[in-house]
Amino acid sequence: MSEHDAVDRLTCVLCPVGCELEVGTGPAGGVQVTGNQCDKGVPFAEEEVLRPKRNLATSVPIRGTASRMVSVRLSGPVPREMIFPILTEIAKLRPEAPVRRGQVLIADVLGTGVDVIATRTVLAKADS
Amino acid sequence: MSGPRETCDVAVIGGGPAGLAAALGARRAGAGKVLLLERDRTLGGILNQCVHDGFGLFLYKETISGPEYAERLTEDVLREPIRVATGTMVLDLSPDRVLRVNSREGYRLVEAGAVVLAMGCRERTREMIEIPGTRPAGIFTAGSAQNLVNLQNLRIGNEAVILGSGDIGLIMARRLVFEGVAVKGVFEILPWANGLERNIRQCLMDLRIPLELRSTVVEIRGRDRVESVVVAKVDESLAPVAGTESVIPCDTLLLSVGLIPENELAKKAGVVLSPLTGGAVVDETLMTSIPGIFSCGNVLHIHDVADWASFEGFAAGERAARFAAGERPAGPTIRVSAGPNVRYALPQLVTRGKPGVEWSFRVKRPVRDVAVEVKGLTSGKVYARRKFARLLPSELQKIKVRVAVEEDLEVGCP
Ligand SMILES: Cc1cc2nc3c(=O)[nH]c(=O)nc-3n(C[C@H](O)[C@H](O)[C@H](O)COP(=O)(O)OP(=O)(O)OC[C@H]3O[C@@H](n4cnc5c(N)ncnc54)[C@H](O)[C@@H]3O)c2cc1C
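Respectively, the protein sequence lines represent chains A and B. All you need for my numbering is the position in the first sequence, starting with 1, plus 1440. All you need for my numbering is the position in the second sequence, starting with 1, plus 50.
Chain B with its partners taken away, still in its complex shape (with noise of 0.2 Å):
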């Protein structure tokens, strides 16, 4: 590889709440030469299209919006020695740390003693392609209506249909209302809603947005914008029941049907990926299967709460300077699964004998009154146990091992 190289400690990819926190905590732990880039003009990521109020709870102990939560954070980074590259694309990443950078300098590699991935996570499609109909104008995904929405003073259109109750959707659904644009209901093909109660209360109960669960888009009509959409029931194997169809007049219909981790990268340097999460297999100091490469956030594993995504950014950071610093590995590792009613449990591995390991886990489906065991698979022991009132598939939780463990382990409700 050929062109202007530049090393650094520790290079953190991507400038939202997970990256912005991992140049902070690679700082914190030491590191001498730290590089955020970033590809879009401004730091913050996804939360400076994100106006409504519910951020930085844990973080700043007071909600404020998105925009303020990157506001605040990115301050604290310009603070800092930490040298900050936007309008900075990463384009390639090798397994030994070498990244190769576009930006408005031109083409450059930068060499790094450990990198943090931080690129967040994109908007899921493919139910969309997979709607029978015609291709018309009008079909959004959540986000980037919430783009032209909030951040470019687009109208989108006047009547609009919501396809999945995730987060991203239901705030949509109250923008648009407020914006003018009636919204005829959001369908949701599964039996309960993705999103937060608060926001299931707030923005659709409140303006009276009709949500209708177990039903799903089986056809989109019109020429050259959507005219209407068909919708009907589905049973249980999610499959549409014939003569529940009913047809709604529209011009918009927006897709809020999940979000995928954005790891093209992570796949060029060869970090293996979990199918469960679609991130990285990480061990608990949140490194991949590439020693030195390591990830946190959106990019990791999808959070609903960005506070969760800077924290795991705050501890990449710091694992990132130590593993600059020399640090490596304390040695061999164990294997965690996810058991009954666990979609997944993140770290995947853990250092054998390592004791007070935290995992972040979801569940399958909601469940009242459980309680979820982190259980030794040689000796069936239960090494973790913690009561939940309910668990939503929507909510990221936690659960702690104090003690040390030298066998895999099953996360699970048994």
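Isolated chain A, as found in the complex (with noise of 0.2 Å):
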């Protein structure tokens, strides 16, 4: 996504201060951080305007028990433009109970490194 060639702004959330960054182009097709107060805010709003990323939670279905859906998420974020083929993976999944929480649904989903974990206990009888 490079459709930040002008200013765009973004509240650092590292630490409360919660600096008001201002980020333009900078020399050589980079970026010029400006509203920091402390060195971490470069790399931060480096990161979240040219490679930003985000972690991805969902439900899918789940057979042989009585409830209808597993929640699940990735291990670790993904560059953002993942998110939407990583869905589609997703989709695909048809887990059957029992399911643990923290179970790897899909490993190193689409080569990204990171997992689509399921994020609650599913048992396989009727009840919770």
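Hints may be right or wrong, so weigh each one.
As the list claims (entries may be wrong) - Keeping only pairs whose Cα atoms sit at most 25 Å apart, straight-line, the calculated DMTMM-like set for lysine to aspartate or glutamate is:
#1 K111/B / E1488/A
#2 K1493/A / D354/B
#3 K1565/A / D354/B
To be verified - Label pairs and their calculated CB-CB ranges:
#4 R1534/A / K437/B: 50 to 58 Å
#5 T57/B / E1529/A: 51 to 59 Å
#6 R133/B / R1503/A: 32 to 40 Å
#7 V432/B / L1550/A: 53 to 61 Å
#8 D1548/A / S387/B: 52 to 60 Å
#9 A1506/A / R258/B: 23 to 31 Å
#10 F1524/A / P405/B: 51 to 59 Å
#11 S144/B / C1478/A: 50 to 58 Å
#12 R185/B / P1519/A: 42 to 50 Å
#13 T1528/A / R133/B: 44 to 52 Å
#14 E130/B / K1532/A: 34 to 42 Å
#15 E1462/A / L107/B: 56 to 64 Å
To be clear, the hints were calculated from the coordinates, so they are not data collected in a lab. Glycine included, every Cβ here is placed at the ideal spot set by N, Cα and C.
Got two chains here, each in a separate frame; can you build the complex from them with the hints?
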């Protein structure tokens, strides 16, 4: 995503100070960060503007139990542009109970190095 | 009152992050018989449907999803000899701490040494009722939409508009896009967004969903199903400005216009409620106006972060255990009110001469570079002062007074 030639504003979330950062285009295609009160603000803004990473959570239907759905997320953030391709992979999942919290449902999804994991335990029987 | 009777030291009503923590807090403070009552079939409260991540940073020092947070806290509870009654609705509470309870086993009475209220909140719908137009299908509160999509796998529509910029609405905007629903925009009547900046960025900007401030839905159109909504800009007094209307075709309208503490039981027991929080008036031990009845979590005041609801729960549970063991309030209280630009400060009462009290507060309007003060109303003395780079109405904040205080106080941004 390279629509960020204009100035972007974001609040640094690394500490409670919450500096308001302004990100503009810098020399050699880089970015220019202003408004940061410490050194950490610059890499924070660079990553958020140039290579934003996101986690992703959804839920998928589960078989073999009374619960209809099991919730899932990624074990860590991935580059933002991978979100929709990964959603397509997750949509193919049809796990069968029992599923344990933390269980890997897709390992190394689309070669990103992160796993799709279950975020709740669903027992095979009717109750809870 | 008749029916089977049961006794316990501490009864906790509600098994969300606040109630689970309260049950644990009561055990840790030595309560023998702790009873946790939850009307739903599972523990965890609203967290079960909050599948997104962003929970647990303070309690577990990592960010996890709502269901994981709920399950971890539930496991801690199940390791203790706490009697957990799910599928059990508390119907009534008396000032002498007798609960009327309905469950699969039938109706019974519970006599408790102390009670912790942890019933959470419900979503506001008043704004919906005030919107003129027809009453077609397709109008949901954001939380009920979250439940239908995340837990029941239902598709709620094809094209959605979201009224209100609360966090649940923002989270649902992203969730609906993930489900293939076109989200046409989020409309907020105030000049600022109500949700966390992180959610504005990740749930709206990432997905190019427009956020329109100072605007609202003025009409809902459609016969059987929503067909469109009319949105308009509002003026300073929040009244729609004629001539600014535009029609947005959509089949779904989500309302994310705030939460209200669910205090029906508290009212039945005669607990004094605050018009500012919608929850009980409490002292620094989280005890309400009825001795032995404590309150924590969203039923006390709305929390944006589940961890804080749990921390309050631990404290309320501990105090309830001590009350059940015979400890009584230390003496008269002073009053604490909300000063300039502060919506509320909690606790509203503090035992006179008690040092080290911490307040939770929210501001009315966003402000930058301000100092918040806790000031004596008689002497004008400033007992605590804390600087903030910025304060937002959506963020619950804290301020602590180290010394003992003998006069009524005000928490404000002078
Ligand atoms: C939709 C939504 C999304 C959120 N997203 C986030 C987020 O991303 N990150 C974050 O940190 N926080 C988030 N929050 C806030 C956080 O979830 C809440 O602060 C927290 O859940 C409050 O916990 P609680 O225990 O007070 O209430 P709840 O979780 O609502 O639990 C209350 C429980 O009491 C039970 N109950 C009520 N009345 C009775 C009765 N009479 N008898 C028996 N049981 C009863 C209910 O069934 C429920 O289980 C969100 C909140 C909502 C509503």
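Hint-by-hint comparison with the structure:
1. With a C-alpha separation of about 22 Å, the suggested pairing of K111/B with E1488/A holds against the 25 Å cut-off.
2. A C-alpha spacing of about 23 Å is found between K1493/A and D354/B, which places the hinted pair at or below 25 Å, so the restraint holds.
3. Taking the CA atoms of K1565/A and D354/B, the gap is near 34 Å; set against the 25 Å cutoff, the hint is violated.
4. For the pair R1534/A and K437/B, the supplied restraint of 50 to 58 Å holds, since their beta-carbon distance comes to about 54 Å.
5. Between T57/B and E1529/A the beta carbon distance is about 54 Å. The supplied range of 51 to 59 Å therefore holds.
6. A hinted range of 32 to 40 Å holds for the C-beta pair R133/B and R1503/A, which are about 33 Å apart.
7. For V432/B and L1550/A, the Cβ-Cβ distance of about 57 Å falls inside the hinted range of 53 to 61 Å, so the restraint holds.
8. Checked against the hint of 52 to 60 Å, the C-beta distance between D1548/A and S387/B comes to roughly 57 Å, which is consistent with it.
9. Range check, A1506/A to R258/B: Cβ separation about 39 Å, and the 23 to 31 Å hint is violated.
10. Between F1524/A and P405/B the CB atoms are about 55 Å apart, so this pair conforms to the stated range of 51 to 59 Å.
11. Range check, S144/B to C1478/A: about 56 Å between beta-carbon atoms, so the 50 to 58 Å window is met.
12. The beta-carbon spacing between R185/B and P1519/A, approximately 44 Å, falls within the hinted interval of 42 to 50 Å.
13. Checking the proposed 44 to 52 Å range against T1528/A and R133/B shows it holds: the Cβ atoms sit about 46 Å from each other.
14. A beta carbon spacing of about 41 Å between E130/B and K1532/A agrees with the range 34 to 42 Å that was offered as a hint.
15. In this structure the supplied range 56 to 64 Å is violated for E1462/A paired with L107/B, their Cβ-Cβ distance being about 27 Å.
Of the hints listed earlier, those the structure fails to meet are numbers 3, 9 and 15, in rising order.
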